[in-house]
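There are 2 protein chains.
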Amino acid sequence: MNNFTFYSPTYFVFGKDQECETGKYVKRFGGSKVLIHYGGGSVVRSGLLDRVKASLDKEGISYVELGGVQPNPRSGLVYEGIDLCRKEGVDFILAVGGGSTIDSSKAIAAGTVYDGDFWDYYMGKPVVDALPIGTVLTIAAAGSEGSPDSVITKEEGMFKRGASGEGFRPKFSILNPALTQTLPAFQTAAGVADIMAHLFERYFTTTKDVEVTDRVIEGLLLTMINEAPKVIANPNDYEARANIMWAGMMAHNNCCGVGRAQDWASHDIEHELSAVYDCAHGAGLAVVFPAWMTYNMHHDVMRFAQLAVRVWGCQMDFANPEKTAKAGIEALRRFFKSIGMPGNFEELGAKEEDIEMMAHTACYGNGRTGHIGGFASLSEEDVANIYRLML
Amino acid sequence: MNNFTFYSPTYFVFGKDQECETGKYVKRFGGSKVLIHYGGGSVVRSGLLDRVKASLDKEGISYVELGGVQPNPRSGLVYEGIDLCRKEGVDFILAVGGGSTIDSSKAIAAGTVYDGDFWDYYMGKPVVDALPIGTVLTIAAAGSEGSPDSVITKEEGMFKRGASGEGFRPKFSILNPALTQTLPAFQTAAGVADIMAHLFERYFTTTKDVEVTDRVIEGLLLTMINEAPKVIANPNDYEARANIMWAGMMAHNNCCGVGRAQDWASHDIEHELSAVYDCAHGAGLAVVFPAWMTYNMHHDVMRFAQLAVRVWGCQMDFANPEKTAKAGIEALRRFFKSIGMPGNFEELGAKEEDIEMMAHTACYGNGRTGHIGGFASLSEEDVANIYRLML
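Chains as they are written, first to last, in this note's numbering: chain A, 5 to 395; chain B, 5 to 395.
Calculated from the structure, these hints are not laboratory results.
There could be a bad hint or two in this list.
As the list claims (entries may be wrong) - With a Cα cut of at most 30 Å, we get these calculated DSS-like pairs of lysine-lysine: (1) B:Lys212 x A:Lys341; (2) A:Lys31 x B:Lys31; (3) B:Lys175 x A:Lys129; (4) B:Lys129 x A:Lys175; (5) A:Lys20 x B:Lys129; (6) A:Lys28 x B:Lys234; (7) B:Lys20 x A:Lys212; (8) B:Lys37 x B:Lys175; (9) B:Lys330 x B:Lys158; (10) B:Lys28 x A:Lys129; (11) B:Lys175 x A:Lys37; (12) A:Lys31 x A:Lys20; (13) A:Lys31 x B:Lys129; (14) B:Lys91 x B:Lys37; (15) B:Lys175 x A:Lys31; (16) A:Lys175 x B:Lys31; (17) A:Lys129 x B:Lys355; (18) B:Lys129 x A:Lys28; (19) B:Lys37 x B:Lys158; (20) A:Lys175 x B:Lys234; (21) A:Lys175 x A:Lys57; (22) B:Lys57 x A:Lys129; (23) A:Lys175 x A:Lys91; (24) A:Lys212 x B:Lys234; (25) B:Lys341 x A:Lys212; (26) B:Lys158 x A:Lys175; (27) A:Lys20 x B:Lys212; (28) B:Lys341 x A:Lys129; (29) B:Lys57 x B:Lys31; (30) B:Lys175 x B:Lys212; (31) A:Lys234 x B:Lys212.
Keep in mind that this is a model prediction, so the values were computed, not measured.
Chain A with its partners taken away, still in its complex shape:
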């Protein structure tokens, strides 16, 4: 196991009606003038925003609002948020929404207290200082509620890039599974795919002897496989929603990724898809992962076989472990299909003619130097080949 540090100081508040306590937690973590940041109409229509505002009013906390976050959140709104926070003297950012809203909030939180262009962080500068952030989560997916990460798309060039640092860990996150019950099935399933992808990115490692993190990842994957079909069948299954929501946090706060090399090429490969076609990130990942696995299986067949046996319940073929490894990948493909995820470029709305451009941007865009991935180091040609497996 590699040396590591792990620091997840977020205060998680989980369960029914907890959003009505938002004001209490903003106060506890020092907020007195809040930016409420959110996306489209659903948080307004559902009454969630009103409940959050009422809880702030109750504590005598003043606030300004900025809505309009889109999926794959854009730099333009971040700049707008930074200006607003500076003008209004905001000292706390409250994200009410999903991963896109939280990621946009993180960018605003860092940008507001930084003299330069916030995009510097997305070009690799570690995030240390940022305004304190709280979240009220509305979809189990990105894990941004407990992570030190944020992904933003720069509108000039449509570059989608991530930033990271301790300043991005939310002070508190409110997770009420009931808030996810109104999500359309497609978004729920895309969230499931995103959570599973965060686990796969960590599972595929070159680090030996990482039993504890292997086993926790496998346990979280088994949870997703058991619980996801329940919420697709019955969107109001609170218990299944709750299991998925906590798994989503644990999948990405890195408690199961510590001490091991991780991969993350699939995220880079997917980011090009959602940057170019504006598809749901999780839907993109559902298409990318079986292709990435098929292409890279030969680097460590036994690890893929282990996943197939322990998580998908495949029988181990001791004479031919590669068959077991492949059976696991096919099980994943069937699973994503069963919850309504796309399975190829066509279903995703992607186009073959863009493959070379996307492979190039994935490997060279925004300061990258030609190879991506920690488990298998992929060249531009490899990435293009992986895209072709999705046709």
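Starting from the known structure of chain A, fit chain B onto it as the hints suggest.
Chain B alone, transformed into the frame defined by chain A:
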């Protein structure tokens, strides 16, 4: 799943040689005058204490020392530590040792800033204020390095009781698996039993639909079952030590116990054993748990069968699930024996004639009102019957 909050703000520093950075972390978390608290000679003989002091010297941090913590740490030394901290103006407590040292440090940290008797906390007062605590861990066992808990034995009456609260979460914990390589096999194995017990206490629940925490607990148990025999066979197996050490933290920081009723009767039953016979806590738990399981299996046979199948690899007997449940308990018994743990009263050094006294103290001592346990509510008679199963 029940509503819950989860807050684990400890900064974990994991890996080889990390104790040499202790001073840096004391500084980061605001310490300027430190009490170094430790147990017996091993941290001195091994040179660990010198390395820790050198790292404090390097940062210009002054310190006083208090050694002499015993297993099952006593109230007497806590009072001594409180006096010393007040006299010397200590503002940070640094525990160098295992669970006993950390628990004693926590008691001193709370007692120093409290006007009353620190034992009030061990009678049920929640711990809010305490001096900041850092730890350098030398045994994977108690999980105190990441938990809000502490257990102390009051010398008058030999009452062993726990206290809990956010003030008890360490600011940082340094986990170097190499420091555990010099432990005697018995202590290593007792640590393993303690970690597994923390998982069982959470696993046996009356809360329905807790798949995510079930699966994580099972993953951590599988880790222990795979890794423990390696370190018993080869004490210098750093990788196995590392897996056990991280599992030990995750087993008890409550990330896998949230949202579910927990049991904890077995800990209460064991606390009487280690209070009366001063046996190793983990060794006591290794004797208690199979007996507790046998006695309480009928409350939820399918949960015991689930554990047997998923963790011990037993074949499910669909015609007679109780047989599967029992096979799992027998597998646990064999496992504890295989790593050198005692299996009954005699091997533990406990005496049949004390059973009624211990059962009474477990159920009525220190303000308890007659029943213990969250999965199965146990009377004094039940507890005595469980002790008898250990004969």
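Next pair to validate is Lys57 (chain B) with Lys31 (chain B); report whether the Cα-Cα distance is within 30 Å. 13 Å, holds
For a C-alpha distance cap of 30 Å, please report whether Lys175 (chain A) and Lys91 (chain A) respect it. Holds, at about 23 Å.
Lys28 (chain A) paired with Lys234 (chain B) [C-alpha distance capped at 30 Å]: Answer violated: Lys28 (chain A) to Lys234 (chain B) is near 48 Å, above 30 Å.
Taking 30 Å as the top limit, are the C-alpha atoms of Lys57 (chain B) and Lys129 (chain A) close enough? 34 Å, violated
Compare the distance between the alpha carbons of Lys91 (chain B) and Lys37 (chain B) with 30 Å, and conclude whether the hinted pair is satisfied. The given pair, whose Cα atoms are some 12 Å apart, holds under the 30 Å limit.
Take a quick look at whether Lys212 (chain B) and Lys341 (chain A) sit within 30 Å of each other, Cα to Cα. Satisfied, since the Cα-Cα distance of roughly 29 Å is no more than 30 Å.
Hint consistency between Lys175 (chain A) and Lys57 (chain A) [alpha-carbon to alpha-carbon, up to 30 Å]: 18 Å, holds
Given pair status - Lys158 (chain B), Lys330 (chain B), alpha carbons within 30 Å: 37 Å, violated
Keeping to a limit of 30 Å between CA atoms, is the pair of Lys212 (chain A) and Lys234 (chain B) held or broken? 15 Å, holds
Are Lys28 (chain B) and Lys129 (chain A) close enough, with their CA atoms no more than 30 Å apart? 23 Å, holds
For a C-alpha distance cap of 30 Å, please report whether Lys158 (chain B) and Lys175 (chain A) respect it. Distance of about 37 Å is beyond 30 Å: violated.
30 Å limit on alpha-carbon distance, applied to hinted pair Lys341 (chain B) and Lys129 (chain A): 53 Å, violated
The earlier numbered hints that this structure contradicts are 6, 9, 17, 20, 22, 26, 28, 30.
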